[in-house]
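Q: Chain by chain, the residues:
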Amino acid sequence: MLSRAQVDAFVRVHGGVLRVAYLADENGRIVPFLDRLLRLVRRLDGRSLDTVAEALRRQERRVRDASRLAGISRALLEWCEFASPRGAEQLPVARQHAFAARGSAWPPVPGDSLLPYMESAQSLGIDAAELQRTLYDDRPGARVLLSVPDVTGRALLARYNLELARGVLRDAVRVELLARGGWRDVFRAVKAAGLMHELVRSGKRYRLLLTGPAAAFLVRPTRYGVRFARVLPVLARAPGWRVRAELVRDFRASSWATYLSWLLPRERSPL
Amino acid sequence: MYLVWVCPASRPSITFRSGLAVLHGVAPADAPSWMQYDVRLNAMVAAGARYPELRAWAVTQGIEALADSAHSFDAPLLDLRAPREAQQEGVRRWMAAGQRGTVVLPTGAGKTLVALLAIRETGLNACVIVPTRALVSQWFTQLADAFGAEHVGAFYGDEKEVRSLTVTTYHSAFALLERHGAQFPLIICDEVHHLADTADGDARARIDALRIAPAPHRLGLTATYPDGQDATLVHALGPVVYRRSIGEMTDAELARFALERRYVELTPAERARYDTATDRFESYAMQSGWRTASDEVDVAWKRFVASARRTPAARRALQAFRERERVVRMAEAKHDEAARILRMFPNEQSVLFCGGTDVAMEVSRRLAIPLISASTPASERHAILAAMRDGTLRAVASVKVLDEGWDVPNAKLGIVLGDSTRGGARQHTQRLGRLLRRQGDQVASLFEVVAAGTWEFFASQKRGAGVRKVAEGQLGFGL
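Keeping their order, the protein sequence lines are chains L and P.
Residues 1 to 271 (our numbering) are what the first sequence spells out, left to right.
Residues 1001 to 1479 (our numbering) are what the second sequence spells out, left to right.
Some hints could be false.
Simulated restraints on C-beta separations [as the list claims (entries may be wrong)]:
1) G194/L with E1260/P: 48 to 56 Å
2) E119/L with D1074/P: 35 to 43 Å
3) M1344/P with R4/L: 42 to 50 Å
4) P1268/P with G194/L: 54 to 62 Å
No lab work stands behind these hints, which were simulated from the structure alone.
Just so you know, even glycine gets a beta-carbon here, dropped at the ideal spot from N, CA and C.
Kindly generate the complete structure, drawing on both the sequences and the hints.
A: Here you go:
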């Protein structure tokens, strides 16, 4: 999910109604830029998450608003697939042995920096220098890029706008969904998110009211906001959904509504 | 028109579900008056904390409690310390008060042992809630040493292991207790003053975990009870049942140590990078005047950082600032100096304080010593500390975790390679004081390795001022 700062930079509340400055491509330059970002990331196949993130961050020099780029980068990175490098699962044990070996050969003296790694490296089938270099390759930033979604810049734009909408739901206390179909996936997502619901018939359609289980008894009912956000991507796959939410931001209530089809560019908002 | 899924007429029963005390199969008119009808469940509900009340009512009505199993904990207490009189009396008073309430004891008086005794006396599974990740590790270690590591889990961040005794933070407690609350009939809240009455929304919301937890037995621990601001606390945990002040206890003595500063030079390449980054940063500061935008340094800085979002020149200046910090943090000569100092004290166990995770990892790799940071799992930290205690390990690199409540037994040598607080004297003193616990007449040695001709010189001066002030004959911690 986008961070609060990445969302709040593009949200305004006026008269109790919250509006989101979604990213638009009025001048026709945004989508080509996003296409270039995707090509850049595809060239980094096999590189670490830290490396890919840094490469995206360096594109700041091409944009005016770094918060937009940060949000787009985050949305893209979460869309990509990363995995631990081969052998990373053995590193905790290798570390333990290396540190114990150093404890036996104490204190460290010039020229012996690889000595503690030799035995562990041998059992892993690599040389000591490589084990020393990759010692912490089981941490999250060392995961390597496996695949980038096969999408265009336009799809990335829609994805980013969807992530903005999800970020807004972080402050929701109650969400109402108006739908034409696709119920099974929605109910599954609602249950998986640990939310509760009421189903209300409205003419020929149904309204689904989502709330947090114990929200009525909490100081902070927005505690369930992140869970509401988890349900939104499921809705994006179904046509004709409308979302309405009651939000509490800075102790003030506001309302927000969107049709998911409106998450494609509509408003002027330069990158 | 409401469409409601109506369950077939069910036998009355009670359960705890998702933070709620739930009563099925009883009409609203026949249910306790403090419950309300929930259309989502087609049942009567109340906050989870009222589950013990609901259970007591259900017994009088002959109503069944679903999935209500006793969660007893019968592992023996392996802690061989003889409890002090204050600790024993604290537990006695808490037991007599119906196993609800707060025990107030000064810093260093052994509140943890009070908690261990409470677990032993009640014989119940317990959830321990603490304010920080660093304290999760400390409590994990102490519970593991007292009852056996196989009984202890940690629930926070990326670590989600639920066991008979589980340690969590105030931030993560809600998620744990919403799902697993029924497993913990005893809740222990450390540093319970964090639940004091306040207008701060985030702080007030900490109480939510206790509002939904069905635990009937609750123990609060603190050295600084928020008298006059405790309405919420008393409602959630019970009143103060025992209190002793610092004047009535033996003082914990501040460790005495020798402080030495060692200067190292940047390499020519590092110096070039440092100077280039400094020029860029300072040029922008002069040109934009952001430093004078406010009388308060912190406010001016925050405005500058915010402006970097939308102003490319400000962004480049901020990047230059971060680059020069990195050059200093990662200076090559610091690693060599650290190794030299370790060789000067070959028989001492050491802690290397690092200014960031990147340099801590580099130190760990070069010297083949373990690293402890906020993201190190509690079980791994416990293993590292155990190995330090038995002498298998001789040194550890750390990032930030020593800011609060984390002791490295036997360590008598500290090497400061960087400080993420940029000269925060109080934090620095606290870290060092907690690390270098005095043992007998031993004097600890503390080295600061500083990159000469950089901003780090001034940060080091600031840190040193705080340390000297504390070292000048000050007894009693009070930190």
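Q: Quick check: does the Cβ-Cβ distance between M1344/P and R4/L fall within 42 to 50 Å?
A: This hint holds: roughly 48 Å between Cβ atoms.
Q: Using the Cβ atoms, figure out if P1268/P sits within 54 to 62 Å of G194/L.
A: Cβ of P1268/P to Cβ of G194/L: about 58 Å, so the range 54 to 62 Å holds.
Q: Do G194/L and E1260/P keep their Cβ atoms within the hinted range of 48 to 56 Å?
A: Check passed, 55 Å falls within 48 to 56 Å.
Q: Given a hint of 35 to 43 Å, does the C-beta separation of E119/L and D1074/P actually sit inside it?
A: 42 Å, holds
The earlier numbered hints are all upheld by this structure, with none contradicted.
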